[in-house]
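> Letter by letter, the chains look like this.
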Amino acid sequence: MESRKLLKSGEFLVSSTDAADIFIPEEFSEEQKMIAQTCRDFLEAEVMPAMTDLEKCDRELMKAILKKSGELGLMGISIPEEYGGFGQDFITQMLVAETTGAGASFSVAFMAHCGIGTLPIMYYGNEDQRRRYVTKLASGELLGAYCLTEPGAGSDANAGKTGAKLSDDGKHYIVNGQKMWITNAGFADTLVVFAKIDNDRVLSAFIIESAYPGVVIGPDEHKMGIKGSSTAQIYFNDVKVPVENLLGKRGEGFRIALSILHMGRIKLGANVLGAAKEAINDSVKYANERKQFGVLISSFGAIKNKLAEQVIRLYASESAVYRVSRDIDDLMNRYKSECGDKGRAAIDAISHYAVEAAILKVAGSEMLDFVVDEAVQIHGGMGYSAEMDVERAYRDSRINRIFEGTNEINRLLVSDTAMKRAMKGDFELFGEAEKLYAGLESLTDGKANGETYHSENKRYLANFKKLILICLHGSLKKFEKGLAHEQEVMNNIANMMMETYLSESLALRIGKLETLRGEVPVYRDILNVNIWETSYLLRKEAMDAACAFASPEQLPLLARAAGELTRVNFVNAKDARRRIADKLIEDNIYKF
Amino acid sequence: MNIVVCISNVPDTTTRIKFAEGSSAIDTAGIQWVINPWDELSLTRALELRDDPSSGVKKVTVAHAGPASSEPTIRKALAIGADDAIRVNCTPSDAYYTASQLAAAIGKEGFDIVICGIESSDFNGSAVGGMISEFLGIPSVSSVSGISMENGMPVITREIDGGRESVKVTLPFVAIVQKGIAKEPRIASMRGIMAARTKAVRLYEPVDADCLTEIAGFEKPAPRAACKYVDPDDPGKLIELLQNEAKVI
Numbered sequence: 000m001e002s003r004k005l006l007k008s009g010e011f012l013v014s015s016t017d018a019a020d021i022f023i024p025e026e027f028s029e030e031q032k033m034i035a036q037t038c039r040d041f042l043e044a045e046v047m048p049a050m051t052d053l054e055k056c057d058r059e060l061m062k063a064i065l066k067k068s069g070e071l072g073l074m075g076i077s078i079p080e081e082y083g084g085f086g087q088d089f090i091t092q093m094l095v096a097e098t099t100g101a102g103a104s105f106s107v108a109f110m111a112h113c114g115i116g117t118l119p120i121m122y123y124g125n126e127d128q129r130r131r132y133v134t135k136l137a138s139g140e141l142l143g144a145y146c147l148t149e150p151g152a153g154s155d156a157n158a159g160k161t162g163a164k165l166s167d168d169g170k171h172y173i174v175n176g177q178k179m180w181i182t183n184a185g186f187a188d189t190l191v192v193f194a195k196i197d198n199d200r201v202l203s204a205f206i207i208e209s210a211y212p213g214v215v216i217g218p219d220e221h222k223m224g225i226k227g228s229s230t231a232q233i234y235f236n237d238v239k240v241p242v243e244n245l246l247g248k249r250g251e252g253f254r255i256a257l258s259i260l261h262m263g264r265i266k267l268g269a270n271v272l273g274a275a276k277e278a279i280n281d282s283v284k285y286a287n288e289r290k291q292f293g294v295l296i297s298s299f300g301a302i303k304n305k306l307a308e309q310v311i312r313l314y315a316s317e318s319a320v321y322r323v324s325r326d327i328d329d330l331m332n333r334y335k336s337e338c339g340d341k342g343r344a345a346i347d348a349i350s351h352y353a354v355e356a357a358i359l360k361v362a363g364s365e366m367l368d369f370v371v372d373e374a375v376q377i378h379g380g381m382g383y384s385a386e387m388d389v390e391r392a393y394r395d396s397r398i399n400r401i402f403e404g405t406n407e408i409n410r411l412l413v414s415d416t417a418m419k420r421a422m423k424g425d426f427e428l429f430g431e432a433e434k435l436y437a438g439l440e441s442l443t444d445g446k447a448n449g450e451t452y453h454s455e456n457k458r459y460l461a462n463f464k465k466l467i468l469i470c471l472h473g474s475l476k477k478f479e480k481g482l483a484h485e486q487e488v489m490n491n492i493a494n495m496m497m498e499t500y501l502s503e504s505l506a507l508r509i510g511k512l513e514t515l516r517g518e519v520p521v522y523r524d525i526l527n528v529n530i531w532e533t534s535y536l537l538r539k540e541a542m543d544a545a546c547a548f549a550s551p552e553q554l555p556l557l558a559r560a561a562g563e564l565t566r567v568n569f570v571n572a573k574d575a576r577r578r579i580a581d582k583l584i585e586d587n588i589y590k591f
Numbered sequence: 000m001n002i003v004v005c006i007s008n009v010p011d012t013t014t015r016i017k018f019a020e021g022s023s024a025i026d027t028a029g030i031q032w033v034i035n036p037w038d039e040l041s042l043t044r045a046l047e048l049r050d051d052p053s054s055g056v057k058k059v060t061v062a063h064a065g066p067a068s069s070e071p072t073i074r075k076a077l078a079i080g081a082d083d084a085i086r087v088n089c090t091p092s093d094a095y096y097t098a099s100q101l102a103a104a105i106g107k108e109g110f111d112i113v114i115c116g117i118e119s120s121d122f123n124g125s126a127v128g129g130m131i132s133e134f135l136g137i138p139s140v141s142s143v144s145g146i147s148m149e150n151g152m153p154v155i156t157r158e159i160d161g162g163r164e165s166v167k168v169t170l171p172f173v174a175i176v177q178k179g180i181a182k183e184p185r186i187a188s189m190r191g192i193m194a195a196r197t198k199a200v201r202l203y204e205p206v207d208a209d210c211l212t213e214i215a216g217f218e219k220p221a222p223r224a225a226c227k228y229v230d231p232d233d234p235g236k237l238i239e240l241l242q243n244e245a246k247v248i
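Keeping their order, the protein sequence lines are chains S and W. In terms of numbering that gives the first Met the number 0, the first sequence has 477 at position 478, counting the first letter as 1, and numbering is strictly consecutive. In terms of numbering that gives the first Met the number 0, the second sequence has 157 at position 158, counting the first letter as 1, and numbering is strictly consecutive.
Chain W on its own, in the form it takes in the complex:
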């Protein structure tokens, strides 16, 4: 059984985002790129399954749509333990385009399970996983918080309001996962880093696909106003501020 984990290349989560081109694009200068945190946890869970002989999972491939400059992020995934990788040589513009590229490439590879993070920490579109399943014509399960294997078949856990849901699904399928899928991302070991040098990254050229959305502009949230301290012996002042300034009562 083979698992394909889709990984996105995103700015490190501590990055202070700056805009370029009249606030319609992100200024990428000086940004450190990392694997999208949801995808990194997906990869960790996929590797846990592969490393458990009873799961039947034999291989984990990572799939990425992006330019050559994102190769370090793919190498990191290989260092963490993925067996090989595919990269679609394109510049992703929106979820539809990205999903089109990934689905076309994954469709040419043998796979049983595709795992996607529920969103990416840069644009947070939450759409790619569902679109991939549609393009591939296979079922998808969203908000997945656990994947295990029983007798060669996947058992999915979903966190739902007030409880937990177990779902059985036929292969192949797309799992769109939340952060609880694995406890902590796996750290690349020295052996893994050395091995990543020689692991294969198969390159696909992009297919024709439309870009259905265009970003008109970004804006940052307004800076937080200064905090006002009120003397605990003066509740009247607090009420006055809440009524007249904050206008919440």
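Isolated chain S (complex conformation):
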């Protein structure tokens, strides 16, 4: 059993972590690498050659490719062996999510099937439901979709109007309603549908087969991106659903929906890594071929700056993704030994890390948007041509900030959930925050003699966390229970938390990497530039929040504290970025 300290969700705010205790991508086992290679081989052999046709939203083609991925076993990665899957750990699940992320629309369809289309039944289904559906979803014999959103119920999922009434003979629920933005709608065999039974205030969940009479699938939506994935409305007209297809308990639907969203978010955080690596590879290859003024554009500082920044942001996201994956694996194992049910253990562990899930979702989707935007820019006019993959990547990326809970909802979740968990007693936050606030006048950066490179970074990160606590306390003091309605301030705090979590994950990764392989300067360059940027971002976010909650007398004190707590060594970011870009340019492919 693991003896390492397992932090609770959000606890990173008040705790430090040892580099030795985190998982880093450089530690993937040979088997994990082989599974990732299978995903890459599959994309290369089956998905990429079909991309032009897939982009025309050819439902049958997408269905056929999905089935082939099922034959290879890729749909069974997250499913325990007793239900026809391969029972892989969470790190491996995230690696598969990452690798398939390079598959554009296919990736969306694949992830929807394997995640929200299958896992609600695995996690909340009874033995009979798992046997009837999960075994076939794991092999690709059945394809799945998830139906939560309605015309009047998007971010406010519980506002849905789809209803279910028990039939007179008590054998069926009669479901009526309309769902929209349903991924895989065009070919899914099984639908996880949320509806309210009778006059319930809360949702229940049902497994509805698309072949049941009364299920009507609309035409595919014309979307900005991910055009190859089938997205349509689904209508339920007096659909008779056997009572044994109620998923979980009556009224448990909202909990299921939220838990599944946590899972979707965290996997999206991994999924975008694959898409970003693809866009970086396209960027550097083009920059290494395109000549202007007689030289390759990859030799220009302005292009190097873009390439390096793409790498830095991706590398930081990646570090956070696998850090939390290990935490989830450990908690999952603990829950499994406690409750015995692998499905419930898995979803409870994933749901526990709700703060980190929201961080990975927001940070990852915005990282990808940055990377594809710069990819188009590096391609210049060609990037605007529909002939180039980066044009598609640019459009495909945009949805990530919208689905699985908008980034606006998720930002609020980051700060709100952390506070709620602390209030629940998961960790001590408020007392510490109050103490720091009371000592504002005497706060310093804490610099000490004899600091090493890593201990200095550790101090920076501890200072960043102190600044977050100060802002939390200050805003709670000012707005009290109304803080939740001060969404701008909640966002300031969320942004500080996100940047700090990513920087800390990156610092821990470099620390561990150096114990494994020795010091490699270019990785320190990545960390140095990241810490440098985070310090500035944090100071701005902190002062934005402070100006909203503090009195004019307090503001100078807070500004001084923000200055102390974000003081880091000067970094020649220009030279550091050039060195990072030079490695990418030399390798001609992302190999960090």
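Everything labelled a hint here was simulated from the structure, so no lab data went into it. Heads up, a few of these hints could be off.
Derived Cβ-Cβ restraints for the label pairs, each shown as a range [what the hints assert, rightly or not]:
1. TYR228/W to GLU585/S: 26 to 32 angstroms
2. GLY217/S to PRO231/W: 52 to 58 angstroms
3. TYR452/S to LEU240/W: 53 to 59 angstroms
4. LYS590/S to LEU170/W: 41 to 47 angstroms
Over 10 angstroms on every C-beta distance to chain W, these chain S residues come out as not near it, computed from the model [said to hold, decoys possible]:
5. ALA63
6. GLY153
7. HIS171
8. ILE173
9. VAL215
10. GLY339
11. SER350
12. MET422
13. SER454
14. PHE478
15. GLY517
16. LYS539
17. CYS546
18. LYS590
From the three backbone atoms N, C-alpha and C, an ideal C-beta is built for every residue, glycine too.
Starting from the known structure of chain S, fit chain W onto it as the hints suggest.
Just chain W now, kept in the frame of chain S:
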């Protein structure tokens, strides 16, 4: 009937090769290693034959000469579907040495057909397959683009200038194959990856063998010169460049 497929561990074909030790060796830092593409297709065809009950092929073994660090490449071959593997624990230095090691190990195993890729994508020596057949004292057929079985006997297809040649050969023999031997390499399935954990890799110690060649140095091709564009309305300029600069007319 048993088939042995020889596999080589080579840098991924997209690798940017760098040199070390004064340009007399390859800098292997950061290289991702893969099964030599010709060997991967050979393995795919061998597995197709094994999976066809009418072929009479019962087992496919992969054989590799290389250090322990090449085990992931062997595991990949097992994940793709090979039944077992043999590895000669050595550091291959040239074709003669490599063929000596493989022939000695294969000779101790039961086999009917040995399949080798016509070349490896790293050093492209195109010599190992022929040498193995010589060391084993059995016939070889080179430039093989198809292998099928008829009544328990192999029928070989070779692409030759202006047509195709069918060859019948007695067992055992060495097939030295081209890329057309299979359409696409087989992808390792999840089941295959899981099964590869428990498949046997038999280890052989190297036999005494000479290394007959020594690499004096590598060099990269000269970088391509910049492309010059000529105005389509100025053919005289084109002729001048071809005559005086390119010196081709």
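> Indicate, hint by hint, whether the structure satisfies it.
Outcome of the hint check:
1. TYR228/W to GLU585/S: 26 to 32 angstroms: Roughly 29 angstroms apart at Cβ, these two residues keep to the hinted range, so it holds.
2. GLY217/S to PRO231/W: 52 to 58 angstroms: holds, 53 angstroms
3. TYR452/S to LEU240/W: 53 to 59 angstroms: Hint holds: Cβ distance 56 angstroms, inside 53 to 59 angstroms.
4. LYS590/S to LEU170/W: 41 to 47 angstroms: Check passed, 45 angstroms falls within 41 to 47 angstroms.
5. ALA63: Fine: 16 angstroms to the nearest Cβ keeps ALA63/S off the interface.
6. GLY153: For GLY153/S, whose nearest Cβ neighbour in chain W is about 36 angstroms away, the distance exceeds 10 angstroms, so it holds.
7. HIS171: holds, 37 angstroms
8. ILE173: It holds; ILE173/S is separated from chain W by about 40 angstroms at its closest Cβ, greater than 10 angstroms.
9. VAL215: holds, 36 angstroms
10. GLY339: Given that every Cβ of chain W is farther than 10 angstroms from that of GLY339/S, nearest at about 23 angstroms, it holds.
11. SER350: The assertion about SER350/S holds, with a minimum of 26 angstroms to chain W.
12. MET422: The claim stands: MET422/S keeps its Cβ more than 10 angstroms from every Cβ of chain W (closest is about 43 angstroms).
13. SER454: holds, 29 angstroms
14. PHE478: holds, 51 angstroms
15. GLY517: Non-interface label on GLY517/S holds, nearest chain W Cβ at 12 angstroms vs cutoff 10 angstroms.
16. LYS539: holds, 38 angstroms
17. CYS546: holds, 48 angstroms
18. LYS590: violated, 6 angstroms
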